[in-house]
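> If you want the building blocks of each chain, they are given just below.
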Amino acid sequence: MLDNLQILIAAPAVAVDLLIQGMFIGAIFALVAYGLALVWGVMNVKNLCQGDYVIVGGYIAYEVARSGINPILALPVAFVLMFMFGWVVYVAVIRRVVDRDMFTSLLATFGLALLIAQVLNLIFGPEVRTAEAGFGTFFMADGLIAIQWVRLISLGLAGALAFGIVLFMRHSRMGRAIRATAQDPRAARVLGVNTDQVYAFTYALNAAICGAAGVLVSLIWVIQPYFGIVYSIRAFVIVTAAGLGNLPGVILAGFGLGIAENMSAFLLGAEFAVAAVVSMLLIVLIYRQIQLYRVRQVVR
Amino acid sequence: MTSARTDGFIYAGLIAFGLVGPWLFPGYTNQIAVMWLMVLMASTWDIMGGQTGYNSLGNIAFFGIGMYASAVAQIALFYDVGEYTAAFGAIKVDFTDAQYFTGLALGLGLAGIVASIVSVLVGLCVFGLRGPYFAIGTLGVAVAMAELISGWEYVGGGGGISMPVFPGPAGASSLAFYAMFFVLAIVAHLFLRWLYSTQFGLALNAIRDDEDKAEAMGLHTLRYKLIGWAIAAFFMGMAGAVFGNMIGFIEPLEVAFPTTTFGIFMVAMALLGGKGTLWGPVLGAILFHVVKELTWTYLLDWQWVALGAIIVINIVYFQQGILGWAQDRWPSAFGLKVDEGGDGTTPAGAQEAAE
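Residue numbers (the working numbering), protein chains in the order written: chain A, 2 to 301; chain B, 6 to 360.
What the hints contain is simulated information worked out from the structure, not anything from laboratory work. Every residue gets a Cβ at the ideal spot worked out from N, C-alpha and C, and that includes glycine. Everything hinted at is true.
Across the chosen pairs, the derived CB separations fall in these ranges: (1) A:M85 - B:F323: 26 to 36 Å; (2) A:A16 - B:L126: 29 to 39 Å; (3) B:F22 - A:G69: 51 to 61 Å; (4) B:F323 - A:D197: 16 to 26 Å; (5) B:Y84 - A:L245: 51 to 61 Å; (6) B:C130 - A:N122: 32 to 42 Å; (7) A:R67 - B:G18: 50 to 60 Å; (8) A:Q184 - B:N210: 33 to 43 Å; (9) B:L24 - A:M85: 50 to 60 Å; (10) B:A338 - A:N247: 50 to 60 Å.
If you want the footprint, here are the derived chain A segments under chain B, 3+ residues with CB under 8 Å: (11) 94-103; (12) 115-128; (13) 263-273; (14) 276-282.
With the hints as extra help, turn the sequences into a complete structure.
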């Protein structure tokens with residue numbers, strides 16, 4: 002651990018490299034977390050199968066790449082397919098847990114997560130996969146900083162997607178209906194918003210965002226049927242840290258988590274990377290709770 | 006609760022099955038042993054989940070901690086653990102009978118105690134969390150434990166530890182571990198039956214119904230929650246120790262901390278039977294285990310998918326569980342008084358009371 006710390010101090014370029022790589026990954030985390038914040042904020046459903054949608058998206062990209070097409074083109078395919086998949090899941094399961102207590106939705110989505118992971122395992126097997134886009138790498142600072150073009154492209158795509166969603170939420174009719182439902186579902190219903198449809202759309206949109214994020218993950222990283230739960234935990238870390246309905250916060254926390262994870266993997270060793278993420282979840286949760294407790298004492 | 010007489014019949018039936026089972030179905034001794042393990046898991050999960058209203062997804066952490074505590078104790082008594090695990094099973098240590106059984110007894114006891122201590126330490130951190138945050142936080146604890154253990158070379162890391170081998174023929178070892186699970190499940194059940202009838206059980210229920218009010222009435226809620234969790238952890242730790250010895254090889258992700266199998270099964274089983282009741286988890290566990298073994302036999306590769314589907318359907322469509330449903334249907338058979346005048350007469354009111 003200390004050896005690696007010394008490397009960081011001796012060669013700041015390595016630190017910059019870690020920072021940049023962390024940002025590339027963090028952008029994808031932010032995307033997944035934004036989807037979670039959307040579902041959580043609008044429907045009050047804590048979606049634990051978030052990560053598994055990401056992995057499904059990744060496998061769509063993997064299949065597209067295997068059929069000889071550049072996997073970047075899988076992005077719209079995954080978006081549309083996952084949108085439909087999310088709609089089906091909403092109708093089959095989520096619709097029935099929206100009004101129930103939150104543990105129900107948590108457990109139901111956890112069950113879904115198991116289901117999806119197992120089906121993926123049956124179809125694709127437990128091997129680690131990646132979708133090769135075949136772009137080069139360019140170097141900076143005497144080769145200490147290596148940036149793969151595909152990472153830069155995926156960062157751009159993630160940014161474009163996030164921008165598109167924000168525009169959609171601001172200006173489209175459905176986006177406005179979603180925001181109205183988030184504020185007060187009853188009032189929205191009274192004013193003629195079909196909240197059931199809004200919920201279905203929101204959930205499907207979330208799945209689509211996750212699917213697109215999964216395409217990016219399979220481009221720059223690896224996917225495996227059981228990796229989903231870690232993405233869900235990351236999304237929870239980011240959303241709890243940033244708070245609901247705080248888009249800049251989510252993006253910032255996403256980048257922060259990506260960088261922190263990359264740094265801790267470098268300092269503590271890759272085998273502790275997941276443990277570091279999960280510990281961050283606990284720290285964030287407990288810190289939030291302390292804050293909440295303070296507020297509760299003042300308000301009540 | 007059911008009347009004392011039906012209870013007596015159920016106990017007699019269960020104990021008779023427990024005693025005769027391995028002789029009736031000699032090929033299924035391990036499966037029946039796992040059934041008792043499931044009963045134990047569901048019942049102890051219900052201490053926090055059903056009775057106290059703290060739905061934990063991380064109780065499996067204590068299972069793994071107990072397993073590792075006992076493994077380390079059993080080896081460390083007579084051998085250097087680091088050296089043993091570094092060889093990845095290449096060193097075969099021949100434990101004498103006396104050494105093995107002292108190690109096992111010490112390991113079992115230690116497993117329960119270590120798991121309880123860890124549960125109190127973890128509990129101090131996570132019991133500030135409420136509702137779904139508690140569930141996510143405890144899930145995080147279980148995942149973190151698995152990852153930490155798999156990074157810890159001293160206990161074998163991701164490679165795992167092969168446990169000392171039970172002396173004697175193969176049939177004797179599975180019978181011995183069967184007996185341990187059986188006794189553990191029965192003891193845990195009787196203990197919980199007593200516990201729920203005391204003031205302690207009432208305090209747990211008060212926390213479930215309204216924690217702030219319970220606190221205002223003078224209950225030291227944190228202390229009750231910690232003790233309740235420590236009891237669950239004690240039994241889970243012992244169960245983990247026995248399971249590790251029965252399997253013979255332990256490894257952090259699949260055997261010791263199976264968050265996505267046993268970890269969720271115990272919740273599903275308690276919900277299937279009806280959480281917050283004494284018999285619900287037992288009934289749910291037995292049913293779930295039978296279904297699990299049947300899907301195993303007839304669906305081959307699809308068994309995990311089928312189990313996931315069962316869990317989702319159970320949670321979404323049938324959350325009150327079998328006993329919860331029966332209580333709504335025939336409240337008088339359970340000694341529940343339905344309020345004669347006013348709102349309490351509707352089944353919905355009875356359901357709320359049962360939840």
